[in-house]
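Enquirer: Under numbering that gives the first Met the number 0, the letters of the sequence shown match residues 0 to 748, in that order.
Derived by calculation from the structure, the hints in this document are not laboratory data.
Possibly wrong hints are sitting among the right ones.
What the hints assert, rightly or not - Keeping only pairs whose Cα atoms sit at most 25 Å apart, straight-line, the calculated DMTMM-like set for lysine to aspartate or glutamate is:
#, residue 1, residue 2
1, K595, E306
2, K595, E656
3, K595, E523
4, K640, D603
5, K595, D225
6, K640, E696
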Amino acid sequence: MVRSALDRPRSGHRAARTRRTHAALWAIPALVACTAFVAPLLAPAAAAADTRVTEDEVVAVAAPNVTLIAAPATPTLDLTADSFEFRAVLRNLEDEPLAPGSISLSITPTDTEQTAEQSEDDASDTREVIAEADTAELAAGAELIIEFAVNRSDLPLALPREPGVYALNAQFDPIEATAVTTDNTALIASTTHFVWGPIAAAQPIPYTLIVPLVLPETVLGIPTADELANVAPALLTLLTAAEEQFATIAVDPRILVGTRGLGENAPANARELVQRLEARASSVFLLQLADADVSVQAALGFEQLLEPLGFDYITQLGSFPVPETPDPADPEHADATAPGEVNGDEAGGENGDPTVVGDDPAPADPGEPVDPADPSEPSEPITGVPTTAELMTLEGSRLAAWPAPGDTGAATLALLERSGITTVVLDASNVRDATAPHATIGSFEAIISDDIAGTAVTQALTGSTVTERTAGLAALSAQLALGLRSAAPGMIIAFDRGATAQSADPTLVFQLLQTLSWAQPVAEQAQATGTAQLWAGESLEERRELLRAALTRSAEIDALAPLLETPDYLPQYQRVRVLEAFATRYASPHESFTAKDAEVRERDEQLLRGVQPVTTDSTQLVGTLTRVPVRLTNALPFQAKVSLRATATSATISVQEHRFETVVPTTGNTSVLVPVRSRVSSGEAGLLLEVRDVNGEHTYASARQPLTLRASVETIMLSVLGGATVLLIGFGVWRSIRRRRTTPTAPAE
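Can you make the complete structure from the sequences, with help from the hints?
Expert: As structure tokens, this is what we get:
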């Protein structure tokens with residue numbers, strides 16, 4: 000009996016339960032994963048059952064903004080169970096409702112000796128429908144979740160009952176065929192591979208995870224103390240899960256810089272994270288700051304990798320204890336070992352013989368005498384503030400690069416080699432003829448990650464529904480099962496950096512891997528080593544052009560540095576913003592870099608305003624000397640110290656003082672009073688206001704402030720003043736006369 004929310008029975012041995020939900024249109028990562036999951040384990044719409052049209056024809060009739068994905072209720076199914084549950088998600092992102100239709104599921108076996116792509120080519124001959132359900136009209140922006148329950152006894156007789164990897168095919172067919180559809184052509188279709196187990200493996204496949212510790216997209220630049228406190232718990236949880244799987248950790252140095260740069264002001268959980276990374280540095284490598292993409296830097300013709308210019312603007316917010324310097328006069332720190340005595344700390348050579356201090360039979364050549372330091376010259380103060388290298392370095396970590404998947408070319412490798420990096424993480428789509436997960440490509444050690452498994456992990460991390468996340472987990476388990484038949488078993492699985500940062504719970508993948516009996520985690524060094532050839536890729540041209548424009552604007556922003564009280568802050572701050580715009584997460588064609596570029600461009604336009612005078616339509620001068628208020632506004636992220644130069648634009652006025660030095664607070668404003676003397680009683684004039692650096696070498700902004708001189712104003716004021724004076728005098732006279740009249744005359748004696 001078929002059961003669904005629409006109560007439309009289809010056959011006596013199939014059951015379907017339908018539940019309608021609505022999803023927000025802004026769930027972009029999950030929607031992208033659904034529509035573009037083109038890897039063999041989640042096949043595109045071209046793999047519809049019994050389709051007799053070409054791929055181009057399928058694309059022509061498919062609804063681009065309607066997606067369908069199906070998955071078993073759990074990532075792996077037990078073939079010996081009495082019943083099996085499956086789910087399907089149909090989502091309509093069109094502007095119009097989706098017409099009624101039906102969703103059907105079918106299962107085809109996958110030969111583990113073939114690739115997933117080969118198995119799909121032959122799937123149309125062996126598909127057997129196991130469940131289907133009708134769908135009513137689906138409103139624009141809505142999604143439909145359907146649950147299917149299939150009894151073991153109801154499975155088609157032609158379907159094998161052997162453990163292995165199977166393909167779950169889902170397709171949507173309209174009830175009423177339209178002019179653009181042909182017989183047996185599904186408008187929407189998808190395929191998800193899963194394991195019907197248990198799978199018996201004589202030797203489990205060794206896999207290695209590459210787990211990125213990166214910051215979410217909402218964290219811009221170097222994280223603040225509050226941002227570190229918010230992200231540290233999730234990063235600590237992820238690090239713990241990765242350690243249990245012997246994973247290789249890729250770290251965004253912004254985490255180190257933000258924590259170390261604040262010193263004692265950094266949150267405790269962030270300091271704990273850094274300490275744990277320092278303790279296991281041998282299995283860690285640092286990404287470029289903000290995970291900047293090295294492949295697009297090479298495509299732009301850089302001779303060296305972009306590097307930070309410093310972090311003084313971060314450390315000035317920190318608190319650092321000044322290290323103690325030992326006092327030579329202090330006997331506690333003085334060397335108490337006399338010449339000829341045995342130093343216990345230095346005793347014991349290879350044979351345990353003591354070492355005699357101060358009795359060297361062959362003293363070293365003292366060389367040229369060194370003049371003692373002049374005590375009058377100031378020495379470098381010991382502040383305890385870490386240097387740029389100390390902020391970014393993780394002692395003992397590996398030196399490696401992780402370009403955007405599929406974008407590495409010969410220019411990328413040449414750039415890395417000039418930068419002293421000879422270990423690179425490559426996507427499998429970027430190589431060919433690889434004989435092992437570890438391979439040698441020229442002078443480089445290549446760590447080759449499985450692209451199909453990586454896509455499955457991304458689906459599991461970004462899916463907006465349980466069904467979509469389960470589809471990714473099922474595809475991952477299936478790919479590991481298929482890897483058992485490889486000539487050189489072994490797999491490296493790299494987590495997508497953007498998906499990991501945005502995922503609500505990336506530990507879902509670790510939980511699945513712990514349940515797979517046919518897969519075993521190993522350290523990266525334990526993977527087999529072979530050879531491979533580079534299959535060159537390139538970055539998107541549109542992204543390169545937008546980044547070129549961003550670099551041009553960044554240079555213009557750097558030119559405003561002399562306006563600041565501490566000029567070095569601005570180029571340092573701006574370089575971090577540039578590296579962030581180069582982030583690898585924006586390299587995927589499914590990610591809209593245009594949206595990110597719009598954010599960067601808007602912020603650039605704000606910064607390019609620098610320090611400017613704010614003028615009004617007109618300012619009225621009163622009297623011969625008026626102090627005209629001039630407001631300066633600062634759009635830069637640091638305190639500015641500028642020189643305002645005011646010059647009269649007309650001979651009707653004169654400026655007594657031309658130059659005014661003032662401080663403008665960060666993203667704030669201040670006012671300067673300019674004394675202006677008027678030479679006529681009425682007329683129009685103006686002030687030319689120029690904002691210069693404190694040395695007065697360059698003008699960075701200018702504006703004209705109109706001034707109005709009117710004699711009528713002075714006349715009115717003088718008339719009012721004169722009238723008030725007359726009234727006061729008259730009132731005094733009247734009061735005096737009245738007092739005399741009321742005073743009685745004294746009688747004569």
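Enquirer: Checking one constraint from the list: CA of K595 to CA of E523, max 25 Å. Satisfied?
Expert: violated, 34 Å
Enquirer: Between K640 and E696, does the CA-CA distance stay at or below 25 Å?
Expert: The given pair, whose Cα atoms are some 14 Å apart, holds under the 25 Å limit.
Enquirer: K595 and E656: Cα distance at most 25 Å?
Expert: violated, 47 Å
Enquirer: Keeping to a limit of 25 Å between CA atoms, is the pair of K595 and E306 held or broken?
Expert: holds, 21 Å
Enquirer: For K595 and D225, compute the direct alpha-carbon distance and say whether it is at most 25 Å.
Expert: Since the Cα atoms of K595 and D225 sit roughly 24 Å apart, the hinted pair holds (cutoff 25 Å).
Enquirer: Hint check: K640 vs D603, CA-CA at most 25 Å. Holds or violated?
Expert: Holds - the C-alpha atoms of D603 and K640 are around 21 Å apart, at most 25 Å.
Checked against the numbered hints above, the structure breaks hints 2, 3 and satisfies the rest.
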